[in-house]
Amino acid sequence: MLATLPFLGYIVEGLMVTVGATLVGFAGALLIGATLSTLIVGSNTLPRYVASGYVTVFRALPELLFVFIVYYGLDIAMRALAARIGIAPLEISPFAAVTIALAMQFAAYCAEIFRDARTAIPGGLIEAGEAIGLSGTKVRTRIVLPLMFINATPALGNIFLVILKVSALASVIGLEEVTRRAKVVAGTTKEPFGAFAVAGICFLIVTALATALQHYIERRTTFGRSVA
Amino acid sequence: MKAVTRPALTVSDIRKSFGPIEVLKGVSFAAAPGEVISIIGASGSGKSTLLRCLNFLENPTSGKVALGDEVFEATEFASTGRRSRARLMGLRRRMGMVFQSFNLWPHRSALENVMEGPIHVLGRSKAEAESKALELLARVGLSHRAHAYPTELSGGQQQRVAIARMLATDPEVLLFDEPTSALDPELVGEVLAVMKSLAQEGRTMLVVTHEIAFARDVADKVIFMNQGQIEQIGHPDEVLTGEARSDSLRSFLARFERDEIRA
Amino acid sequence: MKQISYKLLLAAISLAAILSGQASAETKVLVGTDASNPPFASVGTDGALQGFDIDLVNAICAAEKLTCEIQNIPWDGIFAALDSGKTQVVAAGLNITPERLKKYAMPGPYLSSPFAYIAPASSTLDGTKEGLSGKTIGTVAASAMEKYLNANMAGTINVSTYDSWDAAVLDLDSGRTDAVFGELIALQVAYIKAKPGVYKIVGEPISDPTYSGQGKGLAIPKDDKTLSAAFDKGLATVIADGTHAQLTKKWFGAEMPAK
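As you go down the protein sequences, you meet chains A, B and C in turn.
In case it helps, our numbering puts the first sequence at residues 3 to 230.
In case it helps, our numbering puts the second sequence at residues 2 to 264.
In case it helps, our numbering puts the third sequence at residues 1173 to 1431.
Everything labelled a hint here was simulated from the structure, so no lab data went into it.
Any given hint might turn out to be false.
Unchecked claim - Here are some, though not all, of the chain A residues that point toward chain B, as calculated from beta-carbon distances under 8 angstroms: (1) A133; (2) K140; (3) I203.
Cβ atoms here follow ideal geometry from the backbone N, Cα and C, with glycine treated the same way.
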């Protein structure tokens, strides 16, 4: 453990990358997921099928595989495209690759969560809004979205924690997040337990903070319901 | 030019079909300003659907609804054009509705529920909306519960908040869709008392209800619906106890008389 | 709805910013290594890369006046990175093998690298084929060492593979394996020198031209002829001027020949 201590800062710095990738990936997943869920419950047939297909495919794909597809596959595709139209190719950084992969993959789960959260809203609450003369937009922003968010919070909290942990997959493509740095330090110090323990504690701390935040949000949104 | 007693609400030949089933088979009546009309009938007789067709929560298949002079055709809201949306919102603003299951928004306090309409429908300032909402909550006897959330209120209290919420957008016609059916018997009285006071204020009210006593004591007119049609309409005495009652009305009323005797 | 499309736009812009972040460094030579393999490559407490491979690459780049950027890439993905162009050179203590020579130009050798077994200091193994019969030997998957074992020791020993030397040595510590088969230099520095009295080399170091005998080299895709020529030339320079000998002394404790 002693040899690991000087590397503490180096490993913890990786936590910034882990949290950054998780937050960006999570935000992307929420955005794409919300869009998908509106398409799935929408009345247009083609977008509905496309969105349902998306959810099916991405729930089936292993996360690691998709990280590889984005990082290597997209890069090769961009290179080919750039060569054809004669511009310098954009390079996909490991950070971009992993956030794109996480966002796209977990959007599938978020879409399901949002759809369930939307279905759980009693129709009467929406009718009550319509009956006093609220516009369609106001009904959405004042009634549907807040209730949907409240219903979805517990499940979204879980998704956040899963993304946090799955972001460790980014270490295989060289993103210098906590697990990758712990592995490098383990190799350097020959004290794998020390390095991995530090990484584990990092994840514990972030998870504890995220859980506390989730409970705070849930408490703020009980609105008088008794909480067990 | 016009007659002095122009109806507040005129309903002309409203029909509604769900698929092959015709639930409303041409319903027409009018309500004079300040008139209280009770609509009674067995479940499935179409009385709730009728009420929901009046503010177009259900789109009638055909027919007309007129609020004062303004006529709304059944078919005009089938499309979702911007102008027809605006007209529809205007119609709904002018017609308040209270639901059987209260339908208060669970994420807003009693006060916020009532403020929603003034702010987001009438465009009032927050301060203005709040003082109006507090006034209305006082009107239904709930000033002390203004900051409670719906789940912290009894059913009767929730329904009184819902009535305050309906009044907040200054509607001309009030629609009550079985307002006491979901309440425990001991909570029915407080809601009926509020409704009675609204009637005495001279509000135009349509009340779908199983409370025969309310129909008898408060209503100016009673409509008995049977199989999607108005079977009988008239003064409460006439409809509830008169000699000209139809067989179905008699057997419908008999059930309530038995209940009242037992109670 | 307007708000949502605004957010989408914002996301697209920031995404483009992230994507284009690396695109400008066209003139840099990207060199990939896995910094969990001291003394060839590891990190200092400040996170800076260090090791024999790092110093050697820097010396070669200085000799050839190339601007080089060394990237820390996990071993599992290092050849995928090279093949997809994410990195241009791999300097990760690679052994020159016929198999690798089919795909890559391999400037070198820059270090000879016999294989050896290490075992706990108390072990009675003698490193001979007979002595190892029936034993379980740990090594890193897809390494030249694993291929050597599969070709020469199949049926005699059980091979257990790991994704890193640390993992292999962890199982040696726990007694799940009897010895670890690796490179003499790496084992010497990382385990024997680092933890005196815990491990020892058993038997004689093994040199086999097919698997180890060609020494260590860099890997550069065959079609990048300019770059591999530059590295060939640069390596020759640093060997000739004594820099190479100096670096081996610094990192291995003794001067070692390139061949």
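| What are the numbers of the hints that this structure violates, sorted from low to high? | 3
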